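Asks: Letter by letter, the chains look like this.
2 protein chains.
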Amino acid sequence: MSTYTYNVTGMSCGHCENAVKEEVSNLPGVSNIEVSADKGLLTFEHDGAAGELTDQQVIDAVDEAGYEATRA
Amino acid sequence: MSTYTYNVTGMSCGHCENAVKEEVSNLPGVSNIEVSADKGLLTFEHDGAAGELTDQQVIDAVDEAGYEATRA
Numbered sequence: 001m002s003t004y005t006y007n008v009t010g011m012s013c014g015h016c017e018n019a020v021k022e023e024v025s026n027l028p029g030v031s032n033i034e035v036s037a038d039k040g041l042l043t044f045e046h047d048g049a050a051g052e053l054t055d056q057q058v059i060d061a062v063d064e065a066g067y068e069a070t071r072a
Numbered sequence: 101m102s103t104y105t106y107n108v109t110g111m112s113c114g115h116c117e118n119a120v121k122e123e124v125s126n127l128p129g130v131s132n133i134e135v136s137a138d139k140g141l142l143t144f145e146h147d148g149a150a151g152e153l154t155d156q157q158v159i160d161a162v163d164e165a166g167y168e169a170t171r172a
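Same order as they appear, the protein sequences are chains A and B.
Under the numbering used here, think of the first position of the first sequence as 1, with each following residue one higher.
Under the numbering used here, think of the first position of the second sequence as 101, with each following residue one higher.
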């Protein structure tokens, strides 16, 4: 299990947090997703047994939700 | 057709607008719903043929979405 942390810009409310959480939850091996609009942060655990997870996959998932992520 | 306008506090983004729009769209006889988080406004048309629409129904619908409405 590895912990991933990303800065996410543009989130303003709980709806935004849920939109990010929903998209990131579709990535394989991801669990314990935490999103804070106030802090502009996304953190989650990734189980390596589910395969490699690249920054681009996370950035794309957050982009799908309508926001911009960068690895923290 | 009558136009109704309400001030709505607490909306911060397009997700908030959609949440309000969705709840208000469930009210009978309502159409042309416009919601602006920036302006804090909700406007819509109401067809009297669908029956009476009270402020309380609108306030309750907006409350369901998580926000507070007052008749403008």
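If you're looking for bench data, these hints aren't it; they were derived computationally from the structure.
Among the hints, erroneous ones may be present.
[As the list claims (entries may be wrong)] Here are some chain B residues pointing at chain A (derived, C-beta under 8 angstroms):
(1) Asn-107
(2) Thr-109
(3) Cys-113
(4) Cys-116
(5) Ala-119
Just so it is clear, the structure is predicted and the values come from calculations on it, not from any experiment.
Ideal Cβ positions, reconstructed from N, Cα and C, are used throughout, including at glycine.
Asks: If a hint holds in the structure, say so; if it does not, say that too.
Replies: Against the structure, the hints:
1. Asn-107: Where the cut-off is 8 angstroms and the nearest Cβ of chain A is about 18 angstroms from B/Asn-107, the hint is violated.
2. Thr-109: For B/Thr-109, the interface hint is violated, since the closest Cβ of chain A sits about 13 angstroms away, which is over 8 angstroms.
3. Cys-113: At 5 angstroms from the nearest chain A Cβ, B/Cys-113 passes the 8 angstroms test, so the hint holds.
4. Cys-116: holds (6 angstroms)
5. Ala-119: B/Ala-119 check passes; min Cβ-Cβ to chain A is 7 angstroms, inside 8 angstroms.
The structure fails hints 1 and 2 (numbered hints given earlier, in ascending order).
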